[in-house]
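Visitor: Starting from the known structure of chain A, fit chain B onto it as the hints suggest.
Protein sequences appear in the order of chains A and B.
Heads up: the first sequence runs through residues 1 to 478, numbered per my numbering.
Heads up: the second sequence runs through residues 1 to 741, numbered per my numbering.
Keep in mind that the hints were calculated from the coordinates and are not lab data.
Careful: at least some of the hints might be erroneous.
Claimed, not checked - Okay, the calculated bits of chain B under chain A, using three or more residues with CB under 8 Å as the criterion:
#, segment
1, 516-527
2, 631-642
3, 682-690
4, 720-727
Claimed, not checked - What follows is a list of derived Cβ distance ranges for each label pair:
#, chain 1, residue 1, chain 2, residue 2, range
5, A, GLY308, B, GLN294, 21 to 29 Å
6, B, ARG334, A, PHE344, 33 to 41 Å
7, B, GLY350, A, ALA300, 43 to 51 Å
8, B, GLY413, A, ASP431, 53 to 61 Å
9, B, PRO566, A, PRO269, 30 to 38 Å
10, B, GLY95, A, ARG243, 32 to 40 Å
11, B, THR384, A, ARG247, 26 to 34 Å
12, A, THR394, B, VAL360, 27 to 35 Å
On a predicted model such as this, the values are computed, not experimentally measured, just so you know.
For every residue, glycine included, the Cβ atom is placed at its ideal position computed from N, Cα and C.
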Amino acid sequence: MTRPVPLHRLPGPACGSRRALLRDSANGFGLLALSALAAKAAGADAATGPLAPKPPHFPPRAKHVIFLCMQGGPSHVDTFDHKPKLAADAGQMAPAAAGRAGRAALLAPRWKFSQRGTSGLWVSSLFDEVAAHADKLCVINSMATDLPAHPQAFAQLHTGATQFVRPSLGAWTLYGLGTENQNLPGFIVINPPAAAARTFGSAFLPAAYQATRVGRSLAPGFAGRGGGDPAAVDNIDSPLLDRAAQRTQVDLVQRLNASRLALDGGSSPDTEGVIESYELAFRMQDEVPKVMDVSRETKATFDRYGVGADGTDGFGRQCLMARRLVEAGVRFVQVTHGNWDQHFNLGTALENNARQVDRPIAGLLGDLADRGLLDETLVIWGGEFGRTPHSQGTDGRDHNNKGFTLWMAGGGVKGGMAYGATDDYGYEAVDKRMHIHDWHATILHLLGLDHERLTYPYAGRDFRLTDVHGTVAREILA
Amino acid sequence: MNAEQLRHRRLIRCHVWVCGVALACAVVGTATIAAGRAADAESDLDAGRRHWALVKPVAPPAPAVGDMAWPRTDIDRFLLAAMEQAGVKPVADAGREALLRRLSFDLVGLPPSPDEVREFVADTSADAVDRVVDRLLASPRFGERWARHWLDVARYADSNGRETNVPYPHAWRYRDWVIAAFNDDMPYDDFLKAQIAGDLLKHSGPTDQAHKIVATGFLALGAKPLNTQDPRQFRMDLVDEQIDVTSQAMLGLTLACARCHDHKFDPVTQRDYYALAGVFLSSETLYGTGPQLQNLRPSTLIELPPDAGLPAAVAPLAPADMARLEREVEELSRQAETVAADARAARRDGRMENGAAVFVRVRAALDRHAGAKSDLDQFQADGTPRSLAMGVLDLPLPVDSPLLERGEVGQPGAIVPRGLVEVLCAPDEPRNIGVGSGRLDLAFWIASRDNPLTARVMANRVWLKLMGEGLVATPDNFGIMGMEPSHPGLLDHLAVAFMDDGWSVKQLIRRIVLSRGYQLAAVHDAGNFAVDPDNRLRWRMDQRRLDAEVIRDAMLAVSGRLDLEPTPGSPVARIREDRQGMIRMLGRSREAAEDCRSIYLPIVRDQVPEALAVFDFPDASLVNGRREESNVPAQGLFLLNDDAVVSLARSFADRVGRLPGTTPDRLAAAFAMALGRPPVRAERAAIEDFWTDFSRRHARRLAAGGGGAHALADGRHPAESLALVAYCQALFATAEFRHLN
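The shape of chain B in the complex, shown without the other chains:
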């Protein structure tokens, strides 16, 4: 075989994998592929089963290390052993202030207060860190932070996106369920089971049942091609999205493209795809949305048990309002009929008219009626709001999918029985589904100790969020095109410990943050850097950019404006489901937001609030196990010039202005509030220079001109208040405010 052939083969292998099919054949290596024709499926599977990620994790003993004094936990022994082998030495531990700031942002997504910093610095007891960690893990703010990581993976949004960006007014129930699940430390296996098959799980009563149904919103939240003409095409696209999100989020595999691949090396895995497709095709996905011009595929929603006691998104309607809404629906229904009848009559009589205009008129009348109707449908007859949710339910009769040639609905092949992914099953394990859709089987098969991927993928996700980089740097791809783990033994150690701890996410986090490896300083070391510039060995903590939500929440917290009691539901829930709602939703998302934590901001796909978008909020239509961290002038311009930031700086300044002491005291206190540490000498000098310079050269002039001046609550001179606002805003704008050291 010449070089060109080799290259070509390699590319084929890559391509095959990229499309998600090749788990089996890709790991076989050239031997099978080089034959250039269909390989023996069984041996492919056997080889596939040997890929590191598909071998069940077994906790290895912690390795021996030379420096016995350094490690604090088993995690440290794994890290240090690798460092010693490479000739790298861990840097010093982080200072107390930096550590508390790191723990606070990592665990609850908010800065520590100056009092908390003082207390922690003063607390020299041996278990001081443990107690802080336990306090943070027990805070309701914890769930609000960690749910957001899962929502990234679950591609959560409050609207459909794509061509028809209609609102999802009930998506927030899923969001709130995820927040509660993290706060309650719901075992991760139960957490996954509920999202795949909550409607089919045993429950302890109406409330529990309602929660479990809400969890299946995971499968219903995707971006859908709602303007698809062909219902079969739409159903297959919907199922494809469900397979994609489930396999990437929970298994770290990209199975979805096996849909259209017709290559000859590995027919089994295309079967796998359609076996899974049958599972989802046997379920009905209910996502709401009202019919309209661009929405040819509206659906209903799931009505939750009325005695479940779940919060309502909208206020009850008074009888008079209810009656008015009913009349409106009737009236609009009549209008729509009249308009349609007129159009028919006009056509019958051959009266000349602009066809497009007629169409639009009829359509608009129908849309108005549908919109009002979906408004009315939100309520019971007595005006109390119905509890509605997005989610999935089993169809009465399950169906098996045909294998579609090249994924085309017009090219059905042989019927594939519903089933699981073969390469992930032991050789003699039954893979096909007996009764029902098979979602329950799928749920228990994924959320299982026997699944080699599930615990590893989650342990890696948690590690990545705490350390800045995954042990596997491709968190959503554990396949052959993904990266190999930097510390395979450590990954398995964490995965097994995670399962042994009853799949407790809080314990997993606790385990990691109490390691010495987590608590290292984020400093440079030239010698280590020369050996390991990417810090794969974890010889220091990486400096990290805070996530968009955390930057916004921190500004709110520091300025004293953070509202920890958001209005239940979502702004999107309080608008109509129809086209009118869509227009209003898009308008509203650009308005000044509430001062709630960012996780409660409505995520309208492709219209993400600017405060989030500018700091790399991910594409809400895709699974995102890791976020980008860009560093661009738009961020500086946002912090220097955005109205909302200036408004927060004013509030911060108001707060600082009321502090006791001299001006330098207050300025130093503001610094500590924003950055979690007092200024060092050079910084005090910089602040003093600024204060003198700004007051002398600018403040009076600007205040006199009315430019931006405002009176502080305690009636300080406007010039001084302006300097203070400019100073407080500068603190928001520093690199350190948005970085975690």
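Just chain A, with the same shape it has in the complex:
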């Protein structure tokens, strides 16, 4: 058995063999270095480099993560947090416990909850298809995050920090574990929201750990309603050169880059980032189109994900692609669905959103299970916060950071479980409160990483995803 190695004692990627090679290359050992680069390009030497697989701290429960990110803050009291008293007291002024005493009326959940599966987990009718997998879900009803403002909470969901630019969960995962397929990015975001680069960036971690974007979204700051074209990988083929000739061209680019690095004293994160990105880009040209091409999936699979069906096609394709990527060895895949910010028009807008994702997510869970991938793939679902039990206007709910719901499935978590609880109205987490830091700690734990040991030295101290916080919720481990 591999002995756990504290990661911060491993040679850091920024000072590893790659740099030494490049420095040598500029000093006249160029061909040697380049042959090493070329060998890596051919996938023959995957054992070195920042993306090479690394041993976890302890045996992992999950090897991959699919993060189904619902941007905007989905209402928990209308979906996965069953609050009979909220329904019973609807119309009454919200008591102090529900936030704005006397100023806003409690708003009943609009959709009927019922118990699902053999576990009897409560799920509303908005997620009937996901509910068919209730016995696979671990629903965390006691989530909390620091601030009820989108940009800060969205950043915290991904990076743990509200204010500073910090590496994202996916970047930390890649840094901790590397990735299995050296010809694909290890961390992929499909249709990311515009202007949210920090939520999938590597910050002070080496650039190799940031996400690769696939496809593009249409609305600023929002991931869109599964619009955009998830299969759009731009510029994947040269109009001028074939692969062999292009390799010769890229070798020149890399030798010139190596020379620049040497001229700059052997340390330039920017130049090193470019060097890494070319190698990845070159390999991606061949691999990505293959993985992204869903055309040979069966009709049954398409139906399962809602591909081709009105409303679910966009997100369904993205979920299907997420499965294909994980199957191909990608470590961390994020799929984002936007516009869950129902300040008004809750009745129709939330239902529309749910309809767009319910079948695709159910399809994904079922497909992963059938392929034996769910055991090693942790699926996580949720947004940056939840919504208030009281109404905003007549048909909306405001932001609620004090209590909300996220769920997990597969990857070593207990199925059919509701963990923690909010108060009677769903306003504040009162039982087994799980802050985002705890959630991050738990996810890393499932991946075999100790959140206190997964550190990176920067600006004079060791940073970690959970800062000085985070407790693993051991109760949810299968």
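Guide: Same frame as chain A, now just chain B:
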């Protein structure tokens, strides 16, 4: 108080600030907040006034330094004093080639030509750098570069974005005004005043008046929820966006969220918000756009004085065309009436029909008519184009806004008199507006020596663009949640000098680039790095990624294709304002662009040209004082495979192929054209290896297969030309081409 309470309180404070309200109460610290209830507003304000950014800057004397020989300017004394204190030593000065390349890209956004490099390297006179700086500052290319920094902050775009992405065919006038303002070195206080209240300022004649009205486009360019049903809601959203952009861009404050906050600690600042809201509500925002299904809030535009002599965006219409357009409008009007009448009749008679289909038919007919009408409205009766602009004008009667509970229009509270932000005013200074909307008061209050933020915020913006990092690392947020300045004395020194120089941006830039701190090499130093890995102390120049526009412009310049005389106006100006225009606009923005400088490319929100988007062009709906610098494979794929890049590489290769000398000479010359320096020995070897290898193994095969081969102008062998194109493209693709050392 236990730890949990403390944490909670801290969070409340953060939250309060984040929503922009808490300037006052946040700096008070725990003392007031710990009481847990409404604090004394006056003492909050007093405490707020003590936040460093709200104390008026006073130029401190330059500090004493140990190494008297190193500093060249006062800036250097501030930098060196801090370095000496930390035990850090500045690295060596940048080499001549690197310095010229840095100055050229920073000041005009274009690479120096090899001749300019040779001349500068050879020029050992004491004022060689000064003269280069003055030449660059005087170049019309300067405004084209520096206007773009302001356009980032002003969230400039040629379309609305959001749910209804209709064109803004007249936005370009504002863009061109900003370019001219930077080229003319318009005093920054005047520059700000014109953008807030240009329509109300004194003017020297119709041209001046027209320019000042165009400047108010700043307030009209935002992304708007044009599909909002409720006109009051729309107006408040519009005003909110104006408060947001004005406060962030000019004051480095995020006041906008004070709109909905109903917390009890600081009622004054929510009043501030609605006092400011009254100022903007008393003005009419005119942004054009034609009515259509998703656009429930179209507006008109401002017609500029016809004798102002401003350029037109479209060509005049011949009488026959004018007549045809008039007939079309009439015909479409008739059609729309007929379709609507049919629908009414059908409903009256109870004839069964698909309601949605009828609605769409009626709507489409109305849209067609509205579109043609807005086309016609672009012209005078005689077919000459009207000069139209986006902007704001005062309403005849000013209004005060009620304070809206939680920002909801349905919950109006007490009326708040129009006014300014209290915490930023001296205790006894009158804050309320007497006559008019108050925009003029607002303009003079912001663009004032007495405002503690304005000069600091701009000095910091300029520093950030030249040094890669701001003295305040959060350029759009000087509040309590922003970062503290790394060199407070230097920031104040720059702010005061900026004002003393008559708010001259060119002088401010000159001052910074002539400092030794700016001219340091971008090299690594292990000892310094151990102490200050982030280079907060400025012991070296940071290596920077060039902005998207600069990378594209540099490729155009190096390939000899850069067109410095763009067609006046904007491609968006030459399409219709209606839905048809929107569709065409979206299609066109993906087409191969012109070879103009990137600042003239139309910025259609959410459809930013790929060459810009791939290199982190910011979200054009938000204030962006700093850009991200990502480093992702998509950039490599773009440079290796994009058609436009390959086309530029061909042009570059054509140019290189015509150079005199041997092949190695030409390859070295191309290197210098692209990177501003000759190749070093290892690079010459790499180039030679490439040339041999590529020619031997690939060129002939590909050329024979017709793959990508093309004949050069001078009829060289296609195989050799292909190798040259591949080589030139490789130069574009190097890290150094997109980095500034």
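Visitor: Evaluate each hint against the coordinates.
Guide: Verification of the hints:
1. Counting residues of the segment 516-527 of chain B whose CB lies closer than 8 Å to any CB of chain A gives 4, which reaches the minimum of 3, so the coverage claim holds.
2. Interface restraint, the segment 631-642 of chain B with chain A: holds (11 residues with C-beta to C-beta distance below 8 Å; minimum three).
3. With 7 residues carrying a beta carbon less than 8 Å from a beta carbon of chain A, the segment 682-690 of chain B meets the three-residue requirement, and the given coverage holds.
4. With 4 residues carrying a beta carbon less than 8 Å from a beta carbon of chain A, the segment 720-727 of chain B meets the three-residue requirement, and the given coverage holds.
5. Between GLY308(A) and GLN294(B) the CB atoms are about 27 Å apart, so this pair conforms to the stated range of 21 to 29 Å.
6. Checking the proposed 33 to 41 Å range against ARG334(B) and PHE344(A) shows it holds: the Cβ atoms sit about 39 Å from each other.
7. GLY350(B) and ALA300(A) have their C-beta atoms about 47 Å apart, which keeps the hinted 43 to 51 Å range intact.
8. The hinted range of 53 to 61 Å is not satisfied by GLY413(B) and ASP431(A), whose Cβ atoms lie roughly 38 Å apart.
9. Here the CB-CB span from PRO566(B) to PRO269(A) is close to 36 Å, well matched to the stated 30 to 38 Å.
10. Checking the proposed 32 to 40 Å range against GLY95(B) and ARG243(A) shows it holds: the Cβ atoms sit about 38 Å from each other.
11. The given range of 26 to 34 Å is broken by THR384(B) and ARG247(A), whose C-beta atoms sit roughly 59 Å from each other.
12. Restraint check, THR394(A) to VAL360(B): a C-beta distance of roughly 29 Å satisfies the suggested window 27 to 35 Å.
Consistency note: the structure conflicts with the earlier hints numbered 8, 11.
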